[in-house]
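Now that you have both chains on their own, put them together as the hints suggest.
Those protein sequences? They're chains A and B, same order as listed. FYI, the numbering for the first sequence is 114 to 423, going by my numbering. FYI, the numbering for the second sequence is 785 to 1145, going by my numbering.
If you are wondering where the hints come from, they were derived from the structure by calculation, not from laboratory data. Among the clues, some could well be false.
[Claimed, not checked] Per label pair, the in silico range of CB-to-CB distance:
hint, chain 1, residue 1, chain 2, residue 2, range
1, B, 896, A, 123, 47 to 55 Å
2, A, 420, B, 1021, 18 to 26 Å
3, B, 978, A, 332, 31 to 39 Å
4, A, 420, B, 1084, 28 to 36 Å
5, B, 808, A, 332, 23 to 31 Å
6, A, 175, B, 808, 38 to 46 Å
[Said to hold, decoys possible] From the structure, some residues in chain A lie toward chain B, with a derived Cβ separation under 10 Å:
hint, residue
7, 223
8, 295
9, 383
Predicted model only: the values in this text are computed from it and were never measured. Each residue gets a CB set at the ideal place from its N, CA and C atoms; glycine is no exception.
Okay, here's what each chain looks like letter by letter:
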Amino acid sequence: MDLSSISPTLLVASLMVAATPILLASIGELIVEKSGVLNLGVEGMMIIGAIAGFAAAVGTGSPIIGFFCAALGGAALSLVFALLTQFFLSNQVATGLALTLFGLGLSALMGQSYIGIKPPASAKLDLPVISDIPILGPVLFSHDITVYVALALVAGVWWFLKYTRGGLILRAVGESHDAAHALGYKVVKVRIMAIMFGGACAGLGGAALSLVRVPQWTEGMTAGAGWIALAIVVFASWKPARVLLGAYLFGGVAVLQLNLQAAGVSIPVEYLSMSPYLITIIVLVVMSAHRNKAALNAPAALGRAFHASR
Amino acid sequence: MLRLEKRPNPSKTWAYMAPVLAVFATMIGGGIMFAVLGKDPFEAIRTIFYDPLFSEFAWYYRPQLLVKGAPLIMIAIGLSMGFRAGIWNIGAEGQYIIGAICGAGVALAVYPAQSAFIFPTMIIFGALGGFVWAMIPAILKTRFGTNEILVSLMLVYVAEQLLASMSLGLLKNPEGFGFPGSRNLQQYASAHNAELWTGTGIHMGVMFAFIAVVFAYVLLARHQMGFHIRLTGESPKAAKFSGVNPKRLVVYCLGFSGALAGLAGMFEVSGPSGQISIDFNVGYGFTAIIVAFLGRLHPIGILLAGLLMALTYIGGEIAQSSLGLPSAAIQAFQGMLLFFLLALDMLTNFKLKLANGGSHP
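For reference, chain B alone in the conformation it holds in the complex (with noise of 0.2 Å):
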């Protein structure tokens, strides 16, 4: 019999293979559903993740990594420092809907004026659309208690019907021939997150990103913030010792991720997307919680997997078309993904040992 013996300190080698033998065990498990599917699953697996980096149309979906990888890992790193700390802020998708509604509405408000304002002004709104409405959950677990996953939970479907209403409503194009949605954003040179050079795909969104991941890296490793973080993860009694303040960290946490979602949605309207529509969002603020994990928690880590899991969107966009594997098949491909990571992790902190029958101690 195999027997679990739990490690003195997690052990640092397993924290790095884990998920790199999570996404080889995805290989196989998602290779095994594609076959049951009855497509071949070699080329399946090859198509998700070797086509989008190698093959002849390459030079067209590199750039897409960054644009899909950016509000993977924007969100990601903001719900990264919630799950260490253990605020499960799983309300993302709301925050960056209303992220995107509030950028978009400023946009909207003063179309057509030019002025290189409106630009970092709809930035300032999309952060605050996200860190306003991730402020809900916060104030109500600070003040009452309630329970803020169930609550960051019940505001996306909420932020859903929202954005329903604006894209038909208040923010409906008046020149659209009657079709919900707003006007695009694309066509508003003031509004627009454009490409910075042409064809690399690198938007104001992805530097934000990149900043994001610079930011929380400096902030956990050098920060006093950071390290409450890690110690309330780690050990919420020694947190308490040292004078950690556990509302505010509630507060800091949720803020500083919504604001983040609340962004990622924004730089989304504005550049990729081009408009408020009923089928805005695509569930990046759910996916991001893979992300997260997938990064082991750390800013670096998610910078990594926010690129693999934006290559398997990718991927699993070309083998729809090529393969005619149907699109909720990625969706569940990545929730295996977190399924072998969860079973894995245990590798970190427990060692597998061959237990002789009968010799308890």
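Excised from the complex, chain A in its bound form (with noise of 0.2 Å):
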């Protein structure tokens, strides 16, 4: 066991690119959830966009087009989702999980031919000076593009419900759906809306998994992640800069648990990718156990299916 070898410059580096996938899958879902729509088809999303970007990456040679298609591809499954709670007023649980295995079906089909290649490599930010700093220059200013862009959709995120009309709209829906009916807006339309956006981004995230993190595409490869990202979501008691807080913690835990287990240490390598699922249920128990906090801050018509009767 050598311990030493564990650089914390590198530790945070490589967390930051860790928590990419989850974090843009919770963004997402974050802004789903906020319009009161629980979808727990995010595992399944991730996934379509992993095998849908890494074939068009592979496909075309950019890695850009393979991020736009993954967003393409995890809005599309979105819209079945969408279409059978938003029209067809199904249970929104049993079709986000409907969803998930439809997903993990679906993407291991597609993705049989893909078994074992290299995708090719994205673009990384390299400022001339800035990321050769020491320290600061691997942490912050020598990334890959995705992990930038997942703090810019978190400020997004952030600002759109806080500043903007959008934002307030999408918030009214999610706490009392027939007030904001009454009030003249459109439900469904702005759910439906809220629930692409989810898909976009849980297919980038899947996309920064097979991408950039992994980067190849194994059957199967987003394990959980979009469990987790959903679990980040309650963590986060549905606020933007705590799902960020929240992602990069469980970065951390996935990234030392990895660096554990090359360092050779004495748990068995089982254990230690236990981890971050045992410490994703450790969390959501604390969360609940302050149960007043978390619940007050919860949309109030989440899960809730909308009808307009007149």
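Structure below.
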């Protein structure tokens, strides 16, 4: 065992990369839940994004097109969810589960000929001088572009929810769809847009996994990342800044356990690999123990179907 | 424009029709998917739904229907109880794994002793393993109000790691030439969950699945607990007034489904699968969710839905070897079935009405 081989600088730098897929997926799900819809299909949309992005990037040689297609794929799958829950008024929990099961199957189907291929490398930030500053350079200024896109997205969502009229409408729909409907807002339209935004973000998250983090395609490669993203939204009590904190925390755990595995700690690999899931559970418990605080912030209409009877 | 009008009571006819129509819609949708994959859709659908039952080799496939259907039915029966009451255990896959580890662990601990008590003890430990694993989300939910969906799901990944650790470490076959995986319980007479009648596919687990169906039916129709479950699902407020203890219901539903999933895992590891190995679990715990919904959360419906889903598994395997259809295609096919079912379900609760534009009441 050699713990000194773990460099804190590299640890922080790599946790930012490791957290990006979850961060993207959870900021998307935050918007979905803020509109009062609970989409449990994040895992399915993520993995569809992972393979769609991978296939497009390998096919065209351009990671940018890959990310674009990943967002498109995630949004397309989320549209199925939107159709079922908003027009066919199906149970959101069951539909989300169906989305995950279907996404896992379809992605494995699509990805058969892509196993073992290396995707084209996506662009990294490389500023002259600044990127070469010791410690700060690798931590802040020489990541893959997706890391910055995710951060910008978090800031954008925060600003949108807090300062724009659109954000206000979105929150109104999520708090009380009947009141929003009475005011003349198109509840279903707002929710469909929110669901598709969530799908696109989950798709991007999947592509960040298959094109940047791993980068490779393997069946079921999201391995619960989508579910962890859902947990982070709860952990963050529906606040964008806390989503960032949560995602980086989990990224940190994931990277640290990998580093400990590499350093040859005497804990068996399997138990280290469990740790992100166990920590997710612990965090969920801690958050729900202060029930009043977290629950107060949950969108009041979360998970309830809306049907305008008149 | 078509308009939806809520029915005063759910339609009985549509409740029966929706699953049947969903299966047909999936055949069409799946056929299109297979055509896109470059396979003859008619041949693919025939291979999946007809060949396992009536082809030349059906004598081999028919028993498989029970072997594959039993765990699905057993798990789905347990899940349906909770789903009815709005308690979402989606970690059955994990409870299935833990049940298998506990059941097999007992047998491997006493190996090579032979005794008539070994198998019953394994059954108890299998059920207990699944029960304990399901108690984690149950207690966290009742004590702290933690979301049981996320916790039970996270525990699937924990169970999978535990399974890997067991098959590489504690339960590894010492005479296995270093290969991962435990001893094969099929070669250990006292622990082997053998066919009860040769060539029928019926093992102890199949019997337990049937017992579970009957038990659930009686519970729901005749017992107070079943009444509480149905009441909570249909009207949580009314349930509160009639004195239902929601915490007890959570513990009960999760515990029951966990024990059944654990049992399913135990019967699988001691019978058809034979050993604890890294890839022991094949997703029965997740497919059982589809089975539960397809069967309308009703015991008899689940029995039929479980057999149908087993059929798609077997048909999928045949299609894999004879048509070169990828194995993942069946998973997508099953997911599609759930989509269609959920969509058609709307007709149970709503009436489609032709609205003459502009005349809103």
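To see whether the hints hold, each was checked on the structure:
no.	hint	verdict
1	B:896 to A:123: 47 to 55 Å	51 Å, holds
2	A:420 to B:1021: 18 to 26 Å	19 Å, holds
3	B:978 to A:332: 31 to 39 Å	33 Å, holds
4	A:420 to B:1084: 28 to 36 Å	30 Å, holds
5	B:808 to A:332: 23 to 31 Å	29 Å, holds
6	A:175 to B:808: 38 to 46 Å	42 Å, holds
7	223	9 Å, holds
8	295	14 Å, violated
9	383	4 Å, holds
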